[in-house]
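The chain contents come next:
Protein chains: 2
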Amino acid sequence: MAEPASAPLRARRMRIDTYQEPVLFMRRDCPVCQSEGFEAQSRVAVSWQGHRIVATLNVVDADFITGGEAGLSEAAWRLLGAPEGAEVQLAHPPPIESLGHVRAKVYGRPFSDAAIAEVVRDVAQGLYSDLQLAAFVTACAGNRLDLRETVALTRAMVGAGETIDWGPGRVMDKHCVGGLPGNRTTMIVVPIAAACGLRMPKTSSRAITSPAGTADVMETVAPVALDVPAIRRVVEATGGCIVWGGSVRLSPADDVLIRVERPLDLDSGSQLAASVLSKKAAAGSTHVLIDMPVGPTAKVRSSDAARSLSQLLQDVARAIGLQVRVLETDGNAPVGRGIGPALEARDVLAVLRGDAGAPRDLAQRSLLLAGELLEFGGIASAGTGAASAASTLATGGAWRKFLEICEAQGGFAEPTLATHRRDVVSARSGHVVAIDNRRIARIAKLAGAPKTPCAGLELHANVGRFVERGEALFTVHAGSPGALAYALAYADTQCDVVLVGGDD
Amino acid sequence: MAEPASAPLRARRMRIDTYQEPVLFMRRDCPVCQSEGFEAQSRVAVSWQGHRIVATLNVVDADFITGGEAGLSEAAWRLLGAPEGAEVQLAHPPPIESLGHVRAKVYGRPFSDAAIAEVVRDVAQGLYSDLQLAAFVTACAGNRLDLRETVALTRAMVGAGETIDWGPGRVMDKHCVGGLPGNRTTMIVVPIAAACGLRMPKTSSRAITSPAGTADVMETVAPVALDVPAIRRVVEATGGCIVWGGSVRLSPADDVLIRVERPLDLDSGSQLAASVLSKKAAAGSTHVLIDMPVGPTAKVRSSDAARSLSQLLQDVARAIGLQVRVLETDGNAPVGRGIGPALEARDVLAVLRGDAGAPRDLAQRSLLLAGELLEFGGIASAGTGAASAASTLATGGAWRKFLEICEAQGGFAEPTLATHRRDVVSARSGHVVAIDNRRIARIAKLAGAPKTPCAGLELHANVGRFVERGEALFTVHAGSPGALAYALAYADTQCDVVLVGGDD
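Note that the protein sequences, when read in sequence, are chains S and V. For the first sequence, UniProt numbering begins at 1 and goes up steadily by one. For the second sequence, UniProt numbering begins at 1 and goes up steadily by one.
Worth flagging that the hints you see were computed from the coordinates, not collected in a lab. Hints are not guaranteed to be accurate.
As the list claims (entries may be wrong) - Each pair of labels, with its calculated beta carbon distance range:
| # | chain 1 | residue 1 | chain 2 | residue 2 | range |
| --- | --- | --- | --- | --- | --- |
| 1 | V | Gly68 | S | Glu471 | 52 to 60 Å |
| 2 | S | Arg78 | V | Asn462 | 46 to 54 Å |
| 3 | V | Gly108 | S | Ala114 | 24 to 32 Å |
| 4 | V | Gly108 | S | Gln494 | 35 to 43 Å |
| 5 | V | Gly108 | S | Ala104 | 14 to 22 Å |
| 6 | S | Ala104 | V | Ala489 | 24 to 32 Å |
| 7 | S | Ala427 | V | Tyr107 | 27 to 35 Å |
| 8 | S | Glu468 | V | Glu84 | 39 to 47 Å |
| 9 | S | Ala427 | V | Glu84 | 45 to 53 Å |
Unchecked claim - Some chain V residues close to chain S (C-beta under 7 Å, calculated; not the full set):
| # | residue |
| --- | --- |
| 10 | Arg15 |
| 11 | Thr18 |
| 12 | Gly37 |
| 13 | Asn58 |
| 14 | Val60 |
| 15 | Ala62 |
| 16 | Pro93 |
| 17 | Leu131 |
| 18 | Ala135 |
| 19 | Thr138 |
| 20 | Ala139 |
| 21 | Leu264 |
| 22 | Ser480 |
| 23 | Gln494 |
| 24 | Cys495 |
| 25 | Asp496 |
All residues carry an ideal CB built from backbone N, CA and C; glycine is no exception.
Could you build the full structure based on these sequences and the hints that come with them?
Here's what the structure looks like:
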């Protein structure tokens, strides 16, 4: 379909941060706005030298922008890549035909393979508005995709971005399905595996609904936004890496969907499988170990749910040619002490350095996973993996390898902790009976995690421990007094988030 | 939950039109942003003298706003109602507990009555972001609400706004479920009914997914944004009114939901029933006649679909104490000639005035509905309603009543037509076999309807008529050359939108 040409406007960076939605600011009386009939909330195609983005229009009736300018939000500015003052063309974007498939799905008709590929291609190209993304995500959530649709979604997500080819041989990967605050084993497992001779180029995500993703945590100690050639150099030099998957356009549709899933706090088995496996396939992995914590307040709440999610992951993996092994782990309580990027990094460093006070649960889980991975990767025989992993950690081999990886990624630095802190104390004496993962995570998020890296909380009492009345149960860390007060105001209404039994 | 106080900022109207989502603009380095830990896309509560709104934050790193100002988008400005420079307080809004109910629904659990009431109350108060509204609407679409949930949604929507009490006696209403372009019978039926002595205070909606709603069409000839006392005065003086329901906070949650349903182009039986019947109940109606056009490209596509929607409307109406009669009508082709606010108004006026060239189909449908309504209202015996209606129209009684209503609403004016027009001609000679309502509506929307009142299209050929090759099938009307070109570019790819049989 022909797009009517329009007189060009000059691109202007408005320095308005709208998070990730590209927004265009234009004067109501500017000639383009008038002649094209654009209105507030119109979707507008903005083109510069062959690049084209689609942005949502905000119409301006004030003087901080002129009629000759097309003002771009930070997200629009990044995506378009035009210099200040560049001539940009504005036009109505063609109607998004693939939205018809989303509408049909909402009304209960299954996606065809071709339909889902069209949707994912348009999503990856940034054609969907946030509202349209929200409708797509909601229509797919709650187990509304069957296996065929999930496989098609996964394949479409791989196909919509870059892929990395590592040549012959096994390429190991691990992934945790999440829901367990502090479960930051990747940063320990990768250096163990690499030190033992496995090839493990690990791309991680940022948090979706949790207070921190591995990429958020790793970023507090080393750069994680590496491109594909840089990743290749790091892995060829050290055997492993721990980088952010979002900067390499591996499954870029996933990154777009995540920006909507996060504020909606929605995810589903199918989206989880497509998200995880499309990233792994695009990253060139051949063997993927999946850590699935199961517990009443973890993401996977029961063994039944674990079995069906595990089956789905196996089925989708088989269809797209990946080997997957799923390990159900204890998901009853947070792992380690810290929750939030910098606090979790501190726990990881303590384990790697063999500090006397290092959280034992984090070390044990990491060794369990690393042992399994050594066996899955064929360099330890059945039953011997955990011992090999333990010795690699104990001798400092894992710590040296971790520093080597950090240096190759751009340099290691200690994480910066928060200056705004306050303890939440126990109202009674007794044994800690339970810790509610979801509400603990919520407090960390209210304190600012993961966007504020130093924010989160530090648990002082494990399940089973005896605490005195007035003893600190946890410390909230925040980047500002307001965020601290906000998190504490919520925590004060949740007196049983760390449940202390009535032994007094 | 206590909200931490913050230093006040001065409210500033930014004159940025973000359509209906309230947006707050704040400097990244302003003290409140810093101390509260606000970030782009944060939801922020803005308070002024007991009024509180929740807005989405855009963070600014430029000088067109100072660190002491809280910049408000047009929607935020309207909702808050503070004067320029007023001191406003900013805080984190409390978490929206009712979102948990939406999430549970996405995962397949039915809403309880209490849950849906909480959701609707929060929606009506503007607490949901557009993303969250999109998730709610999508979760309810596609027949995912059962009868009990639909009744609960309807009751909750009535309860969340104002209601009008007309005292004893019948209060008549009619509603068309839509999907049939140009079907603007309300503006003919209301004056007939009022002229015959019925009381008919009609509140209409603006377009959701169509090129025009009755309120959009009526607004091209008379003011429609009346408050409750004004409506009461008009109805007491004339017996009827045709006003926009959105300006009177009857079922305000419906107005909020519509702003998301419109760009998503999603609606469902349950939402339709809740939307229509909550408005009617809140407006104080006792008897509602529903015009349900059925046709392959109308909103209701088959007799089966009509029966199930009709049953749903009857069931919900009974549960909330309304009498509903449903009339299935022919939905095979657009009604009248014009599609778009001003063009449809022109057709209505022609029928009321008895012009020789007035569209006969519009007149006939209006008389069918008016006749049914006179019988339903108890002032015509069975089988005699249509004749009474016809005589009221033929004698000019309906036209005089219409002018009387317009004057009472604020004054009558002829609709303004577009200056940018172009014909789309037939590529062959033959009989018109079919007209695709959906694609015809799309062309009208691409031309700018309903936001641009003069935009739309004018049909020249009815189904069955013989057209010569090169003869105009329809004329596109637009408010700007760009919008005209845009609509025509789409129309050019849809050569069969008016299907002409191969008689040549």
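Subject >> Hints that the structure is at odds with (numbers, increasing) >> reply: 1, 4, 8, 16, 23, 24, 25
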